[in-house]
Amino acid sequence: MDFPDELKYTEEHEWIAIEADIATIGISDFAQSQLGDIVFVELPEVGDELEAGKPCGVVESVKAVSDIYSPLSGEVVEINEELPDAPETLNTSPYEDGWMIKIRLSNPQELDDLLDADSYQELIKED
Amino acid sequence: MIGTDSRGLVLDEPLLFEQSQPGRIGFSLPEADVPHTAPAAELLRDEITGFPELSEVDVIRHYTRLSTWNYGVDSGFYPLGSCTMKYNPKINEVAARLPGFSDIHPQTPEALNQGALELMYRLERALAEVSGFPAICLQPAAGAQGELAGMLMIRAWHEARGNKRTKVIIPDTAHGTNPATAALCGYEVVPVVSDGILSRDAVAAVMSNEVAALMITNPNTLGLFEADIRAICALVHEQGGLVYSDGANLNALMGISRPGDLGIDVMHFNLHKTFSTPHGGGGPGAGPIGVSAELIPYLPLPVIIKENQNYRFDYERPHSIGRVKAFYGHFGILVRAYSYILAMGGPGLKKATELAVLNANYIRARLEGVYALPFTERSLHEVVFSEENLGGGCRTLDVAKRLIDYGFHPPTIYFPLVVAGALMIEPTETESKQTLDDFCDALLAIAAEAEHEPDKLKQAPTRARRRRLDEATAARKPRLRWRPSSN
Amino acid sequence: MRYLPHTAADIKQMLTTIGVDATDALFSGIPADCRLTRPIDLPPGLAETDILKELRLLAAKNTPVSDWTSFLGGGAYNHFIPAVVDHLVSRSEFYTAYTPYQPEISQGTLQGIFEFQTMICQLTGMDMANASMYDGASACAEAVLLAIRAAKKRSRVLISAALPPHYRQTIATYCRYLDIELITIEATNGVTTLEQVEPLLDERVAALVVGYPNYFGCIENISTLASSVHAVDARLITAVAEPLALALFKSPGELGADIVVGDGQSFGLPLAFGGPTIGFFAVRDKDMRLLPGRLVGETVDLDDKRSFVLTLATREQHIRREKATSNICSNQGMCALMVSIYLALHGKQGLRQLAEINYARSNWLREQIADLDGFSLPFSAPVFNEFVVTCQEPVADLKKRLEQQKILAGVALGRDYPGLESGLLICVTEQNSRQQMEQLVAALAGGKR
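Protein chains in written order, with the working numbering: chain A, 1 to 127; chain B, 128 to 614; chain C, 615 to 1063.
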């Protein structure tokens, strides 16, 4: 399983890439493998204001549902429009083509709460 | 059995719509015998696009062939945990088809259908005796609707007392209908960890004056009796709450223990489980509820009353939660359940429970050690193994699919959620030792195959009409109906 | 006991394998204070012959509509059931199976449901239908819950008074504790009118629910109601208690309904004192993920053969638990099969012709009764196979009087409709010959002498 070092992670198994005040968010390789074949993705809409720790979307496999919790607060500036029509991308390319949303951070201090790749791998070992 | 090179004739059968031939019809209609009239043209529809046109023979062959692709209790052993797939006696089917039962209209004046009301009244009394509840309502259509009615009654009871409670406690072993029902009644779910058997202390830790009720399944979905049940009910009552019991597993208790005697306030029955009515490929079921005296005023509308030697529906019940379906109960199913109770009698019902528990424990004894048993307390009518001991990288799903190749319906799998890769086996009392032995031999052989020839499991089933299905594509690109353009 | 195969020797061997002396030891997990210490107080079991005797005695105290002349409808319809239906549904590979969790050995049930879903779509003019609900009333209540979920912040639902009363009552029960405001729309001349509906339509309204045909047998103006409802982004729910009407009248889908629910009893299910029947539930594509209940979809197996499987299960209680779209975990599988067989037998032409016979007979009888002294027609809207007459003679007396002649004249409306105490709902199906209708007319007229 792959956990790129340049990304940040959360306990809810999301990854975050930061570029200036824009955060790109997706689900980790571990999350996609736990869910199995992903069949449905529901994303927020551009313009929605997200609050850190609150649900902002849904990922479903054939027999499981998982809420996506926004790791950070901010306004949704872009969503991956391709994803709802090709949810399997989350299985095949979780860190590239399977990105989910981009938000403009409203509280950059929240970045301090995120995990680095090593701490995240420790966490999933405990699971 | 596997190993012999048996071959069945497998006939393909296209969809009804694909066999349709313009101009065919499978039924002769009576003469109109009045002058032809028709509604105004702008109200009329065009022909029903795509609707089938078939002869009687076409329809007979279609469904006869489809039936051969199915597996029912009459085909073989069906140890689906939590579903109580016991034999469905044929006399019940005859009884339900007597014209005096099947051909009576629900809007007929009650005085003209006294036999129907009397049958239901007698069934209520019998269920009351088996369960220990003073009152029974036969109206709910299925277990989940019984749950809804029961939880609405609990809420009505609280409202009548001005209680503004918002929460319901549900153990982690519960069936998914429990939380879904609580939500339908406007309650928030408080989960509680049970660790096999729910302890009074675990409930005490989450019980408060915000909790309206505890929902509990007894015996629980691990097949274990909730030994603290009396203390738990007392605790919940002391703090002003009520206790709902999911009666799905009543087949473990008949003649042994009565939920109504233990402090339970309301419980649903599943007549299609405990009382032998057929599961029908998913329904209809019937989900009567039994309630404590306290809850009688809130029963769904109407209630059957016996006055002198007459029976009637009582609608004058100001505290009732109201009607939960159009007409009173799944009467045709109630007739079957009553026929079963007549056949078994009091002693027979107890015997059924004893043998159901004997069968489950026999399977447990034969498989324990080879299959991992996460909860080792004395189990009742069903036993839950985990996938822990499986070799060759095989999972529970693989075992289930391989069982099909051996000619058995698989058990319930991946439930309850508290067991990793659960295999939940409920044999019921109507299976013989010989059948159980064949089944256990198959599971033992499969465990050995997992070790040495895991591919046999992973490729299974190979002897069914279909191999494993692509369920991901079904969910990603749902095709939920036939369309002319698609073929 | 004939359903219990265990011999004494079997039991002994099994106990030995388990390692206990007696079956009672298997119940050691049940504390003494939870045990029943006496036998169940029910008589001993009966032989088959005695069961039938007992049940025949009870059945003899009932009144099968086939022995009398019945004009009862009001949500349950006395249609003829072809012999094929019971013959096929008695195949126990169908009725002794459970929900098709193992698709490889359940293709019969699954293909049957897929065909059922398709035929419900074709009849209702909708995009998709589920595998069925308990009955029309509970399906209607679930439709209201769907509309509320879909509309998010709206909590008001308008309910036509001409919706069957037992449907309205069931909706009220389901919505009891969910902060949903139900507002009844009075009927005018037997139908739901724009004049009554429009003043209430605003952004608080999630849905309007109307019957089609409604409880009075009348055909509502669905398309007009639909456009008004859509103007405020609400949903039109159409409930069909007598679906045979859909073979003759425009489908609700064609007229703009967003959700179509109803009861399939008319299609091959016995009256059986009102149950089991079957609810059907059809929606537009946009509401797919909000549907309650089971759904069967098409896919392929590993060998690429067309197959059917339960799908979109993540909506359901066993996965989504308290966030599920419903708590339902069954469907009326056996009833769905009977409906499908019935529809397949009648087919495109047969169902239409059957609907035409129902229409012609009931409208003929309606005119005959209208011509009688002491009877009038309160409503002028078109009707399918049911209609309301008002009687000068008190309805209860009239019904009793006709019962003496073994005629069930109809359903009295007074209890459910204050103001319609003199109203009688009369239903005519293909089971009512002209001779029966003439008998009714004569009997009704007899009251005046």
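Calculated from the structure, these hints are not laboratory results.
Predicted model only: the values in this text are computed from it and were never measured.
Hints are not guaranteed to be accurate.
[To be verified] Some but not every residue of chain C turned toward chain B, in silico, with C-beta under 8 Å:
(1) Gly643
(2) Ala646
(3) Pro658
(4) Thr713
(5) Val811
(6) Gln967
(7) Ile971
(8) Ala995
[Unchecked claim] The calculated lysine-lysine pairs, modelled on DSS-like cross-linking and capped at a C-alpha distance of 27 Å, are:
(9) B:Lys433 x C:Lys1020
(10) C:Lys900 x C:Lys767
(11) C:Lys626 x B:Lys433
(12) C:Lys766 x C:Lys675
(13) C:Lys667 x C:Lys1020
(14) B:Lys291 x C:Lys937
(15) C:Lys767 x C:Lys937
(16) C:Lys900 x A:Lys63
(17) A:Lys54 x C:Lys1020
(18) B:Lys560 x B:Lys217
(19) B:Lys560 x A:Lys63
(20) B:Lys217 x C:Lys767
C-beta atoms are modelled at their ideal positions from N, C-alpha and C, and glycine is treated no differently.
Status of each hint after checking the structure:
no., hint, in the structure
1, Gly643, "holds, 4 Å"
2, Ala646, "violated, 10 Å"
3, Pro658, "holds, 4 Å"
4, Thr713, "holds, 4 Å"
5, Val811, "violated, 20 Å"
6, Gln967, "holds, 5 Å"
7, Ile971, "holds, 5 Å"
8, Ala995, "violated, 10 Å"
9, B:Lys433 x C:Lys1020, "holds, 25 Å"
10, C:Lys900 x C:Lys767, "holds, 18 Å"
11, C:Lys626 x B:Lys433, "violated, 46 Å"
12, C:Lys766 x C:Lys675, "violated, 51 Å"
13, C:Lys667 x C:Lys1020, "holds, 26 Å"
14, B:Lys291 x C:Lys937, "holds, 22 Å"
15, C:Lys767 x C:Lys937, "holds, 17 Å"
16, C:Lys900 x A:Lys63, "holds, 22 Å"
17, A:Lys54 x C:Lys1020, "violated, 67 Å"
18, B:Lys560 x B:Lys217, "holds, 22 Å"
19, B:Lys560 x A:Lys63, "violated, 35 Å"
20, B:Lys217 x C:Lys767, "violated, 51 Å"
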